[in-house]
Amino acid sequence: MEPCERNDLDQRIRESFEPDEEAVQRIVGRALAAGDRRPRRLLAALAAVGICAAVWLILVRTPAESPEVLTLDCFGEVVVVQAPDGTSWVFSGRGQDRGPGAETGLILCEEDTP
Amino acid sequence: MVVDLESAIRELAPKLIRYCAARTGRAALAEEVAQESLSALVARWRRRGPPDSPEAFVFAVAKRRAARALLRRRLWLPLQLLSGRSDSRPDPERRAVERSERDRLLRAIGSLPARVREALLLVAVAELPTREAARVLGISESAVKMRALRARTRLSSLLEAENGTLRKERSRPENP
Chain B
5 MEPCERNDLD
15 QRIRESFEPD
25 EEAVQRIVGR
35 ALAAGDRRPR
45 RLLAALAAVG
55 ICAAVWLILV
65 RTPAESPEVL
75 TLDCFGEVVV
85 VQAPDGTSWV
95 FSGRGQDRGP
105 GAETGLILCE
115 EDTP
Chain S
13 MVVDLESAIR
23 ELAPKLIRYC
33 AARTGRAALA
43 EEVAQESLSA
53 LVARWRRRGP
63 PDSPEAFVFA
73 VAKRRAARAL
83 LRRRLWLPLQ
93 LLSGRSDSRP
103 DPERRAVERS
113 ERDRLLRAIG
123 SLPARVREAL
133 LLVAVAELPT
143 REAARVLGIS
153 ESAVKMRALR
163 ARTRLSSLLE
173 AENGTLRKER
183 SRPENP
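Those protein sequences? They're chains B and S, same order as listed. Going by the numbering used here, the first sequence opens with residue 5, and the numbers climb by one from there. Going by the numbering used here, the second sequence opens with residue 13, and the numbers climb by one from there.
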């Protein structure tokens, strides 16, 4: 095939499939806009994942608030028990029978601390 | 040398639409594939900068997507026919333009072997340099030239044969 024949054929094919200007503009506009949308979709997906992770951390990982309990402090043979409302009791086993089955202690004092 | 994204898109769009139109044979499908391919290039460009060859990148995407779109269409067509959404017979307008230049070319291009057809579409229709066409097809430049030449020769003879048939039909008397 001669080069001029080849060029004629190529030209003929191109002309047959030549798009109109309107279609070109439409596709260029959409392609550029779609390219803009993609990062926003990614950000939205990341935000959704972040929200799910936060909900999971709050609801699953954080243990339920522990109930208020008495605190116990030992000072030698003196035990101080403190309630959450501030009431405390001091126990001492001094002077008591230490054998098995013996009474555990004696309330020395009971006071309300602020 | 392409400098910025918008210029690249504007330069590539007409070539890409031509390629997709010749590849799929349907204007709407061609526009869809061309737009998807250009969007892929835009996304790639914005995320990681321009590819080594924007032309090779976008035509490789278009080649893949056009093949996928045609396959999808082929798979859905029987279902559409069953549901009555598509009619296999051409409508009157289509029949009227059936013998137009574009349709004759489409038929001839469609009857080419796939390997040589791809080379022809990339080189002749999309006007890709041989080097870029070789990158898209994953073959050597000389192989691209050879395939394009074979395609042109085959296409010429197909069109000649069709012209001969048309001439015979026209010269035949209407009421023998």
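If you're looking for bench data, these hints aren't it; they were derived computationally from the structure. Each residue gets a CB set at the ideal place from its N, CA and C atoms; glycine is no exception. Accuracy of the hints is not assured; some may be wrong.
For each label pair, taking beta carbons as the anchor points, the in silico distance ranges come out as [claimed, not checked]:
#1 64/S / 6/B: 32 to 38 Å
#2 60/B / 157/S: 57 to 63 Å
#3 22/B / 76/S: 34 to 40 Å
Looking back at the hints listed earlier, which ones does the structure fail to meet? 3
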